[in-house]
Amino acid sequence: MSPSSKCVFERRLIEKYIAEKGTDPISGEELSVDQLIEIKNPPVMKPRPPSATSIPAILKILQDEWDACMMNSFAVRQELLTTRLELSRSLYQHDAACRVIARLQKEVTASREALATLKPHAAVSQPREAPYGLEADESAEATDEEIGMSEALQEKASALTAVRKQRGKAIPENLIKPEVLSGYVELASHMGLHSASMPGITCMDVHLTNPNYIVTGGNDKNVVVFNKETEEIVAILKGHQKRVLKVAYHPTEEDMVISSGADSIINVWSVGAQKSRHIIRAHTTPVTGISIHATGDYILSVSSGEKWAFSDIRSGRLLFRVDDSAPSSQGMTCAQFHPDGLIFGIGNVDTTIKIWDLKERTNVANFPGHAGAIRALSFSENGYYLASVGDDSAVKIWDLRKLKNLKTINLSGKFQARDVCFDLSGNYLAVSGADVRVFQSKSWNELVVLKDHTDLATGVRFGENACFIVTCGMDRALRIFGQSEVA
Numbered sequence: 001m002s003p004s005s006k007c008v009f010e011r012r013l014i015e016k017y018i019a020e021k022g023t024d025p026i027s028g029e030e031l032s033v034d035q036l037i038e039i040k041n042p043p044v045m046k047p048r049p050p051s052a053t054s055i056p057a058i059l060k061i062l063q064d065e066w067d068a069c070m071m072n073s074f075a076v077r078q079e080l081l082t083t084r085l086e087l088s089r090s091l092y093q094h095d096a097a098c099r100v101i102a103r104l105q106k107e108v109t110a111s112r113e114a115l116a117t118l119k120p121h122a123a124v125s126q127p128r129e130a131p132y133g134l135e136a137d138e139s140a141e142a143t144d145e146e147i148g149m150s151e152a153l154q155e156k157a158s159a160l161t162a163v164r165k166q167r168g169k170a171i172p173e174n175l176i177k178p179e180v181l182s183g184y185v186e187l188a189s190h191m192g193l194h195s196a197s198m199p200g201i202t203c204m205d206v207h208l209t210n211p212n213y214i215v216t217g218g219n220d221k222n223v224v225v226f227n228k229e230t231e232e233i234v235a236i237l238k239g240h241q242k243r244v245l246k247v248a249y250h251p252t253e254e255d256m257v258i259s260s261g262a263d264s265i266i267n268v269w270s271v272g273a274q275k276s277r278h279i280i281r282a283h284t285t286p287v288t289g290i291s292i293h294a295t296g297d298y299i300l301s302v303s304s305g306e307k308w309a310f311s312d313i314r315s316g317r318l319l320f321r322v323d324d325s326a327p328s329s330q331g332m333t334c335a336q337f338h339p340d341g342l343i344f345g346i347g348n349v350d351t352t353i354k355i356w357d358l359k360e361r362t363n364v365a366n367f368p369g370h371a372g373a374i375r376a377l378s379f380s381e382n383g384y385y386l387a388s389v390g391d392d393s394a395v396k397i398w399d400l401r402k403l404k405n406l407k408t409i410n411l412s413g414k415f416q417a418r419d420v421c422f423d424l425s426g427n428y429l430a431v432s433g434a435d436v437r438v439f440q441s442k443s444w445n446e447l448v449v450l451k452d453h454t455d456l457a458t459g460v461r462f463g464e465n466a467c468f469i470v471t472c473g474m475d476r477a478l479r480i481f482g483q484s485e486v487a
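Residue 322 in the UniProt record's numbering sits at position 322 of the sequence shown, with consecutive numbering throughout.
Note that these hints are calculated values from the structure, not bench results.
No residue lacks a Cβ here, since even glycine has one placed at the ideal position from N, Cα and C.
One or more hints might be untrue.
Under the rule of at most 27 Å between Cα atoms (straight-line distance), these lysine-lysine pairs were calculated in the DSSO-like manner [stated by the list, open to error]: (1) K46 to K60; (2) K442 to K402; (3) K177 to K451.
The calculated label-pair distances, taken between Cβ atoms and stated as ranges, are [to be verified]: (4) Q274 to G413: 40 to 48 Å; (5) E38 to R77: 33 to 41 Å; (6) L104 to N366: 18 to 26 Å; (7) R77 to I101: 32 to 40 Å.
Modelling step: build the complete structure from the supplied sequences, incorporating the hints.
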């Protein structure tokens, strides 16, 4: 008998098992032959009945024992087969689960990489709101046109991405050096562009290919096109019923300017004719931000009424409008297209920046972090960085690849930031507010502070290769900064 399991064994078998295993066959505990307890039979045993001592009876007993052994062996084999099948099934399930997990991990990694670089996916047809003045069935007829538009947007984005990658490999040869830019002074100041009775230039923009042309919008409801080189007013565009909130110069056409105002309309102007080509009525609340698409055919607009719209500036037709139905949304303050034109950023009153996919019309990423309403956005031309300013007097640089805040520049509490702008090379960043400040990208060192405005500076833009800086402000002044001619 084993003292460990208290079971009785045949002496020969248990000694053989201990010699091989060294353990109790039942409990698995260590066991030696010396620990076994011998069980002795009484000297006097009850004899077997005569019926069990005959040869037939002995054969019957042996047959019964053999049958019992065979049945037990058969049962053990059945259980072994069942166990093997269950084990095989479990192994296959485990292998399949590992393959699924590996595939899902690969898909998640690919999705994160795609989201990090903000590469939009193929367009998905979604229900959309009918434009003002169009019935629902009329807006539905634009399906084929929108498919063609989507293809045009994708082709333009691919072309721009290739050009941008090639251009981003080297700094432009004629780009102004940081040590030169840090010595910029005021070269000219123009006070007579807008009315003195309703003072204040609220916004401005510079023509991309001919930076001598500057457009401004003011509290006097007028849009003014100014030639920096000749120092002459090219056109005064009148048509808004309330103050102008945003202006944008068409990137390739000197004769086209677009403006939006507190009167909730968007004007597409002909500079030469000094009249409106189209009036786009995409909103019912003040249009707080506009941005021209890289194709030059479309414009993005946002309003304080929590809606953004996409319109055709060639026909003046609203293509679609999207309502930001997020519970936290409190109105939109500014908008800016990414350089490739497939995504764009929108600044909100609720302190968040939302990145939207143009083709899918979905919110693909959010950047929280500001402590006040967002006032302006600017994408770097390399497509990797987004700069934002808000009422918290902070400048934040966002990494679009990692979807996180890369750098925060805290300005004084009284700075009242109103505009932010990267130069075309992406090497410099300018911010306007109580004054105008220029920072060098990557190091984010402050290069120069321009304090010439006597009131809030509402806009700032760079000239070609940062050879000059243009600013505007509530002091009615359009100021030009550059390298001193004396120097």
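Status of each hint after checking the structure:
no.: 1; hint: K46 to K60; in the structure: holds, 21 Å
no.: 2; hint: K442 to K402; in the structure: holds, 16 Å
no.: 3; hint: K177 to K451; in the structure: holds, 21 Å
no.: 4; hint: Q274 to G413: 40 to 48 Å; in the structure: holds, 42 Å
no.: 5; hint: E38 to R77: 33 to 41 Å; in the structure: holds, 35 Å
no.: 6; hint: L104 to N366: 18 to 26 Å; in the structure: holds, 24 Å
no.: 7; hint: R77 to I101: 32 to 40 Å; in the structure: holds, 36 Å
Consistency note: the structure conflicts with none of the earlier hints.
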